[in-house]
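Now for the letters of each chain:
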Amino acid sequence: MIKVQQKDFDYGFEVSALSKGNHSVGGVCAFRGLVRDMVGNKQINNLSLEHYPGMTEKCLSEIEAEAHRRWLLEKTLIIHRYGLLKPGDQIVLVAVSSAHRDAAFEACRFMIDYLKTEAPFWKLESTAENSQWVEAKDKDKQAHSRWLNNLKKDK
Amino acid sequence: MIKVQQKDFDYGFEVSALSKGNHSVGGVCAFRGLVRDMVGNKQINNLSLEHYPGMTEKCLSEIEAEAHRRWLLEKTLIIHRYGLLKPGDQIVLVAVSSAHRDAAFEACRFMIDYLKTEAPFWKLESTAENSQWVEAKDKDKQAHSRWLNNLKKDK
Amino acid sequence: MKIFYFSWVREKVGISNEDFSLPQHVTNIEQLAKFLQSKGGGYSDAFADLSVIKAAVNREHVKLDCAISENDEVAFFPPVTGG
Amino acid sequence: MKIFYFSWVREKVGISNEDFSLPQHVTNIEQLAKFLQSKGGGYSDAFADLSVIKAAVNREHVKLDCAISENDEVAFFPPVTGG
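Residue numbers (our numbering), protein chains in the order written: chain A, 1 to 155; chain B, 1 to 155; chain C, 1 to 83; chain D, 1 to 83.
If you're looking for bench data, these hints aren't it; they were derived computationally from the structure.
Among the hints, a few may not be true.
Unchecked claim - Pair by pair, the computed Cβ-Cβ distance ranges are: (1) Ala-99(B) to Gly-14(C): 30 to 38 Å; (2) Lys-86(A) to Asp-65(D): 53 to 61 Å; (3) Lys-34(C) to Glu-135(A): 18 to 26 Å.
As the list claims (entries may be wrong) - Under the rule of at most 25 Å between Cα atoms (straight-line distance), these lysine-lysine pairs were calculated in the DSS-like manner: (4) Lys-137(B) to Lys-12(D); (5) Lys-63(D) to Lys-39(D); (6) Lys-139(A) to Lys-63(C); (7) Lys-63(C) to Lys-137(A); (8) Lys-86(B) to Lys-20(B).
As the list claims (entries may be wrong) - Not close to chain A: a few residues of chain B, all C-beta gaps over 10 Å, as computed: (9) Lys-3; (10) Ser-24; (11) Ser-48; (12) Lys-58; (13) Glu-62; (14) Glu-66; (15) His-68; (16) Leu-72; (17) Glu-129; (18) Trp-147.
All residues carry an ideal CB built from backbone N, CA and C; glycine is no exception.
One chain only, chain A, in its complex shape (with noise of 0.2 Å):
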């Protein structure tokens, strides 16, 4: 399931829901991402996010529906905020339930590696004294490409 929303969600209530009723579940792995208050020595008042509605939601799906080609999986979960956060608030949640923990932490990890380099979503930072778009990281992209070097050797 994908959930595109300005809303806040309830943690608990939505990994819950990944094993509720399935006795099938031996594990659930959650990744739940928050806005931090420091970015390297700059103190970040809010965050700013920006999506491209529809695309978003079929991104989504197709790393969901990726997920699930890869991994024998029982739920999958994407949950992503967008508009204006604060530190502390929520950001994104990306959970897994599987009968096995390797294929949940591995599916969950995929996510959002995958959901980093792809989704469109823009972050823009904003101090007390200006705003700034947060630029790309090489670190996310190497995370997305450790995926494919795998997919290769599977291969």
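Keeping the supplied structure of chain A fixed, place chains B, C and D upon it in accordance with the hints.
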């Protein structure tokens, strides 16, 4: 923080505590283990978890300390239950908060992999017919060795 | 054709989207970006360096050589930074 | 010395723990396990195959050749299966 207890725990509350009031946290990775109702083709009625009081706490504290030595983390949490559990019940929670998602994922997986092969817990599975002690899995030993290899590479 | 702009591409162009009639000689994303750049003003600034611009056609990431036609939905933006 | 037994080792031995006076010739875990095995009955069954038994001394996992003395806390159990 480690908690070894018979009673259930509030997943959402416990994971939220890892980032509450701490705006240095950028990501929280959590693994939740649950009792499955089928193992192979056996229908499980319940699971009884025995442990070694004193050694369990010592062992989990060491795993937690080792995670903090290996990665830059904000907080870590291990909750493990003992006693009589039924399908769908929570057995274990391992959660890690960090400024960055890689450290959170790695440390969380490290802790559950180590816990599986080191923490002194033993599972007795009961079906309608009989009760059997669960056998240790080679897969879990391999998951544990992966981290020993990583350690060697680091040096 | 509908064109969308996001993040600092949107800010530089000055609008978030527009309806656009594709000139006959513009058949791929790179040509469209260069055409927009040639319009001057904010466009010229936004498309000054194509190496820092990404594009989508019909809501899929594409490369600069991706073919486009009148009925496509096109978007230009910097590398994504969600998650 | 205090000895603890867990899981099927406990079931076979028939008790969960006991106070034990370490004989002088028993100086490591393997010797202790063999000594217990020689006591017969449930012990003989529990310690029949030392390759499937693990041990802890003072709440740390140890190998069979780990030295022990009167003041140690020892435990015998099968490989752990928590998590």
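For each hint, the structure was consulted:
no. : hint                                : in the structure
1   : Ala-99(B) to Gly-14(C): 30 to 38 Å  : holds, 36 Å
2   : Lys-86(A) to Asp-65(D): 53 to 61 Å  : holds, 59 Å
3   : Lys-34(C) to Glu-135(A): 18 to 26 Å : holds, 24 Å
4   : Lys-137(B) to Lys-12(D)             : holds, 22 Å
5   : Lys-63(D) to Lys-39(D)              : holds, 22 Å
6   : Lys-139(A) to Lys-63(C)             : holds, 21 Å
7   : Lys-63(C) to Lys-137(A)             : holds, 19 Å
8   : Lys-86(B) to Lys-20(B)              : violated, 31 Å
9   : Lys-3                               : holds, 17 Å
10  : Ser-24                              : violated, 6 Å
11  : Ser-48                              : holds, 17 Å
12  : Lys-58                              : holds, 24 Å
13  : Glu-62                              : holds, 21 Å
14  : Glu-66                              : holds, 18 Å
15  : His-68                              : holds, 20 Å
16  : Leu-72                              : holds, 14 Å
17  : Glu-129                             : holds, 19 Å
18  : Trp-147                             : holds, 13 Å
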